[in-house]
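Participant: Taking our numbering, I'd label the letters of the sequence shown as residues 117 to 858.
Keep in mind that the hints were calculated from the coordinates and are not lab data. Beta carbons are placed, not taken as given, at the ideal position from N, Cα and C, and that holds for glycine. Treat the hints with care, as some may be off.
Below, simulated BS3-like cross-link-like pairs (lysine-lysine); rule was C-alpha separation at most 30 angstroms, straight line [unchecked claim]:
#1 K584 - K486
#2 K269 - K291
#3 K141 - K668
#4 K401 - K148
#5 K491 - K678
#6 K181 - K446
#7 K491 - K446
#8 K361 - K181
#9 K288 - K383
#10 K616 - K706
#11 K148 - K491
#12 K669 - K627
#13 K370 - K380
#14 K446 - K151
#15 K141 - K362
#16 K177 - K401
#17 K361 - K383
#18 K288 - K394
#19 K394 - K370
What follows is a set of in silico ranges between Cβ atoms, one per label pair, in the way DEER data are often shown [to be verified]:
#20 T231 - S276: 35 to 45 angstroms
#21 Q658 - K616: 33 to 43 angstroms
#22 K361 - E333: 40 to 50 angstroms
#23 V592 - A759: 50 to 60 angstroms
#24 N167 - E326: 48 to 58 angstroms
#25 D461 - S270: 44 to 54 angstroms
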Amino acid sequence: MFIHSEKKKRLSLDVIGQLEDDLEKNPLDYEKWNKLIQQVLTKDKEEQVRNVFNNYLNIFKFDGKQWCNYINYLLNRGEFQEVEHIFAKCLPMTDNVELCRLYVSYVRRTNDIITGGEKARGIVVQAFEFAVNKVGIDIASADLWNDYLEFLKSWTPAASWEQQQKVDMIRKVYKRYLVIPTEKIEAAWSVYTKWENEINTSTASKFIAEKSSEFMEARSWNTEWHNVTENSLRRDIIPYGLLDKKNTVNNQLKFWYNWLSLEKQNKLNLKDESQVQKRIEYFFKQAVTSLPFVPELWFKYNVFVTHSGSDINFNRCIEVLNDGLTLNPKSFLLTFQLSEMYEQDGNVEKAKEVFHKLINVLTRDYDDIKEKVDKISDHTQPDNAGQSNGSSKTEDDIEVDKTDDNDENDDNNENDVNRSSHRLTDEQATQLVKLQNNLENLNKAITLVYTKLMMCCKRTDGIKEARKVFIQARNVDFKSIGYEFYVENALMEYHSDNLKTANRVFEVGMKHFKKDGNFLLAYLNFLIMTNRGENIKVLFEQGVGSLLQDLKKTEEEIDSAKGMGVSPVLERNLRENYESKKDQMKRFMKTFSRHQSVYGDLDLVKSLDRRYEEYFQVDDALELFSDRYRGPSIDVIYNYDLAMDNKKRKNGEANGHSKKRNIDTPVVEEAPIEKHADPTPVSQEPQAPKSQAQSQNFVGLTTYNLLRVLPNSSYFGPQSDHGFDSEKLVELFSNIPDIPTD
Numbered sequence: 117m118f119i120h121s122e123k124k125k126r127l128s129l130d131v132i133g134q135l136e137d138d139l140e141k142n143p144l145d146y147e148k149w150n151k152l153i154q155q156v157l158t159k160d161k162e163e164q165v166r167n168v169f170n171n172y173l174n175i176f177k178f179d180g181k182q183w184c185n186y187i188n189y190l191l192n193r194g195e196f197q198e199v200e201h202i203f204a205k206c207l208p209m210t211d212n213v214e215l216c217r218l219y220v221s222y223v224r225r226t227n228d229i230i231t232g233g234e235k236a237r238g239i240v241v242q243a244f245e246f247a248v249n250k251v252g253i254d255i256a257s258a259d260l261w262n263d264y265l266e267f268l269k270s271w272t273p274a275a276s277w278e279q280q281q282k283v284d285m286i287r288k289v290y291k292r293y294l295v296i297p298t299e300k301i302e303a304a305w306s307v308y309t310k311w312e313n314e315i316n317t318s319t320a321s322k323f324i325a326e327k328s329s330e331f332m333e334a335r336s337w338n339t340e341w342h343n344v345t346e347n348s349l350r351r352d353i354i355p356y357g358l359l360d361k362k363n364t365v366n367n368q369l370k371f372w373y374n375w376l377s378l379e380k381q382n383k384l385n386l387k388d389e390s391q392v393q394k395r396i397e398y399f400f401k402q403a404v405t406s407l408p409f410v411p412e413l414w415f416k417y418n419v420f421v422t423h424s425g426s427d428i429n430f431n432r433c434i435e436v437l438n439d440g441l442t443l444n445p446k447s448f449l450l451t452f453q454l455s456e457m458y459e460q461d462g463n464v465e466k467a468k469e470v471f472h473k474l475i476n477v478l479t480r481d482y483d484d485i486k487e488k489v490d491k492i493s494d495h496t497q498p499d500n501a502g503q504s505n506g507s508s509k510t511e512d513d514i515e516v517d518k519t520d521d522n523d524e525n526d527d528n529n530e531n532d533v534n535r536s537s538h539r540l541t542d543e544q545a546t547q548l549v550k551l552q553n554n555l556e557n558l559n560k561a562i563t564l565v566y567t568k569l570m571m572c573c574k575r576t577d578g579i580k581e582a583r584k585v586f587i588q589a590r591n592v593d594f595k596s597i598g599y600e601f602y603v604e605n606a607l608m609e610y611h612s613d614n615l616k617t618a619n620r621v622f623e624v625g626m627k628h629f630k631k632d633g634n635f636l637l638a639y640l641n642f643l644i645m646t647n648r649g650e651n652i653k654v655l656f657e658q659g660v661g662s663l664l665q666d667l668k669k670t671e672e673e674i675d676s677a678k679g680m681g682v683s684p685v686l687e688r689n690l691r692e693n694y695e696s697k698k699d700q701m702k703r704f705m706k707t708f709s710r711h712q713s714v715y716g717d718l719d720l721v722k723s724l725d726r727r728y729e730e731y732f733q734v735d736d737a738l739e740l741f742s743d744r745y746r747g748p749s750i751d752v753i754y755n756y757d758l759a760m761d762n763k764k765r766k767n768g769e770a771n772g773h774s775k776k777r778n779i780d781t782p783v784v785e786e787a788p789i790e791k792h793a794d795p796t797p798v799s800q801e802p803q804a805p806k807s808q809a810q811s812q813n814f815v816g817l818t819t820y821n822l823l824r825v826l827p828n829s830s831y832f833g834p835q836s837d838h839g840f841d842s843e844k845l846v847e848l849f850s851n852i853p854d855i856p857t858d
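Taking the hints into account, I'd like the entire structure generated from these sequences.
Facilitator: The structure is reproduced here in structure tokens:
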């Protein structure tokens, strides 16, 4: 992006070089771009200034402010030919009032009225007409209109007919100006009425009356606009996305949508529908300029253009979406929308290319985070050997690699956290868990995009092309791909009348995800759907065995962590993983139990009840029994027969225990993790009820700080040697006799 003779380590005083290096890594950092522009303008090295402006404006091409800065820089050096080239480049795509005013100023500067006469005046009038037609409906365009009027009023006609022509031109501009709700509309109306009275008192009232009603509507619109935007709407570029912690974007987005509502309701009572559409389109151009990192605005803008009804709008839609993806390369919304448009147009290769671009961006993020996770794990446990992911080979359509028998292959990346050494500090542990959560979310996101790419190929090129995506993705491109990819591929094969192939896909998936309760549940539902009776029972026994083995392993890790002084963050993470796995196993067993209660043997169902009670150490069979009799649209036992305590317990189990604690807060707080703090994709997990989260925050900050500075109990030797026995203290308190109240 930047011109470097060779890569050298930057000196601490080399601010420009440091900013350039940062922008090489993240070219969408708007704030650093602006710092860099200020720095190079201060240094005033022309080649460097040109290079920085060109690189910036290739990305933020709608930034009228920086276009003006660049043009003024060149004008100060007399680069008029270069300025004209830049105007030709930026004006068609940038609707900015100040940029248009600068353009008119440049035209006036290069077309002197005194020496150029009528021809020069005509050129300037054309420039003004171009400007007001482009941005004259902007609420901030009052200064542009006033510039136009002052120019016309400064004309000194040589003949009486020219004087009348001047009056007609000024009145015509006023009539267009005063029906537009600009910021200075009342001042403009006052100037207009005074001017009419100065021209001709007898006709002034007539001309004023003609425009008064439209002026009143424009003034009312102006007042309502200020009310709905609460005088807080920002028109400058806001360099944040929807995940901004300050909530700036969400607040601004509310104001912008209020403005859009005004336009759609046609509060100006415009008779011409095309003028209403013009104002709405202008709104969208301004909105995506101010909030460039909000994909939903680009999406809505594209939908508006699509519904305009013209065949030539397809290219415009593609342009809008590509502009949006330039600034939001990780946007799933825009990627999926653009791929659909290409697919509908028959351009399948372009549709695939859009998917691959998103996959590449997400995969780079995944690799970066994985490297950080490995770095922390290697630092704390250097002898821990990594495990490689096996992959199945293919013959013909899909074939299982019979030699791939690595049962340990299915350990997910989350185990990196569990195997981390107790030498991790709380800060390191917090960072590790946060990175691991982001890694998990990215894995799900990449898996989803690959799934949608596979489905796109199935629709456009048939099942064979879809199989190629399946093979390429899991064997070459992204070996860590999630179980969902296998499930979706198997279902695709099944619905393409390839039941045998679908079964083989699930068998391949079992080699990688046999300890994943979610995959096992999906496989079980598939076998139930295809009525594979014996296979259902075999899978159930295999699944329960694998899940029990995994639960036992996690229990051992938790027990080991207790005596090793493991960071509370990691210990809590282990417990959350354990609860999540237990919930997966419960769902797996409940699904099998429901199926057997309808199509199987009641004795088998009762034996399942006993096994369920044994595995999960429940005192009664209510949980599993009530689940078997739950209807598709009503749970009569829950609604009518359960006491409140049982309802709460059942509700908690339905919500699951997979929610992560907010690792940005002290360890004692168990609020759901604030995953939006990182710009990587987030999973749409249901949030814990507010009352539940609040009830967990029972340890105050003072107590927490005290506990942090106290030494760990392990420093005092074995439990039997501890000087303080909490159990005896509790026993002492419980035996204190009641104090008489009288």
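Participant: All hints, please: hold or fail.
Facilitator: These are the hints, each one checked on the structure:
Of the supplied pair hints, the one linking K584 and K486 holds, its CA atoms being roughly 27 angstroms apart against a limit of 30 angstroms. With a C-alpha separation of about 15 angstroms, the suggested pair K269 and K291 falls inside the 30 angstroms cut-off, and the hint holds. With a CA separation close to 44 angstroms, the supplied pair K141 and K668 exceeds the 30 angstroms bound. Distance check on the hinted pair: K401 and K148 sit about 24 angstroms apart at the alpha-carbon level, within 30 angstroms; holds.
Annotation: proposed proximity of K491 to K678 holds, straight-line Cα distance about 24 angstroms (limit 30 angstroms). A C-alpha spacing of about 26 angstroms is found between K181 and K446, which places the hinted pair at or below 30 angstroms, so the restraint holds. Of the supplied pair hints, the one linking K491 and K446 holds, its CA atoms being roughly 25 angstroms apart against a limit of 30 angstroms. Proposed proximity of K361 and K181 is supported: the alpha carbons are some 26 angstroms apart, at most 30 angstroms.
Note on K288 and K383: the hinted pairing holds, with a Cα-Cα distance of about 23 angstroms set against a maximum of 30 angstroms. Using a Cα cut-off of 30 angstroms, the hinted pair K616 and K706 holds, with the two alpha carbons roughly 27 angstroms apart. Distance restraint check for K148 and K491: the Cα-Cα separation of roughly 28 angstroms lies within the 30 angstroms cut-off, and the hinted pair is therefore satisfied. Only pairs whose Cα atoms come within 30 angstroms are accepted, and K669 paired with K627 is accepted, the gap being roughly 19 angstroms.
Among the hinted pairs, K370 with K380 is consistent with the structure: their alpha-carbon atoms are about 15 angstroms apart, no more than 30 angstroms. Simply put, K446 and K151 have alpha-carbon atoms about 25 angstroms apart, close enough for the 30 angstroms limit, and the pair holds. About 24 angstroms separates the Cα atoms of K141 and K362, which keeps this hinted pair within 30 angstroms; it holds. Distance restraint check for K177 and K401: the Cα-Cα separation of roughly 12 angstroms lies within the 30 angstroms cut-off, and the hinted pair is therefore satisfied.
The straight-line distance between the Cα atoms of K361 and K383 is roughly 35 angstroms, outside the 30 angstroms bound, and the hint therefore fails. This hinted pair checks out: K288 and K394 have alpha carbons roughly 21 angstroms apart, not beyond 30 angstroms. Using a Cα cut-off of 30 angstroms, the hinted pair K394 and K370 holds, with the two alpha carbons roughly 22 angstroms apart. For T231 paired with S276, a C-beta distance near 25 angstroms fails the hint of 35 to 45 angstroms.
Checked against the given bound of 33 to 43 angstroms, the beta carbons of Q658 and K616, roughly 20 angstroms apart, lie outside it. Take K361 and E333: their Cβ atoms lie about 41 angstroms apart, and the range 40 to 50 angstroms holds. Between V592 and A759 the CB atoms are about 56 angstroms apart, so this pair conforms to the stated range of 50 to 60 angstroms. Taking the beta carbon of each, N167 and E326 are about 54 angstroms apart, inside 48 to 58 angstroms as hinted.
Distance hint for D461 and S270: a CB-CB separation of about 52 angstroms, consistent with the stated range 44 to 54 angstroms.
When held up to the earlier numbered hints, the structure conflicts with 3, 17, 20, 21 and fits the remainder.
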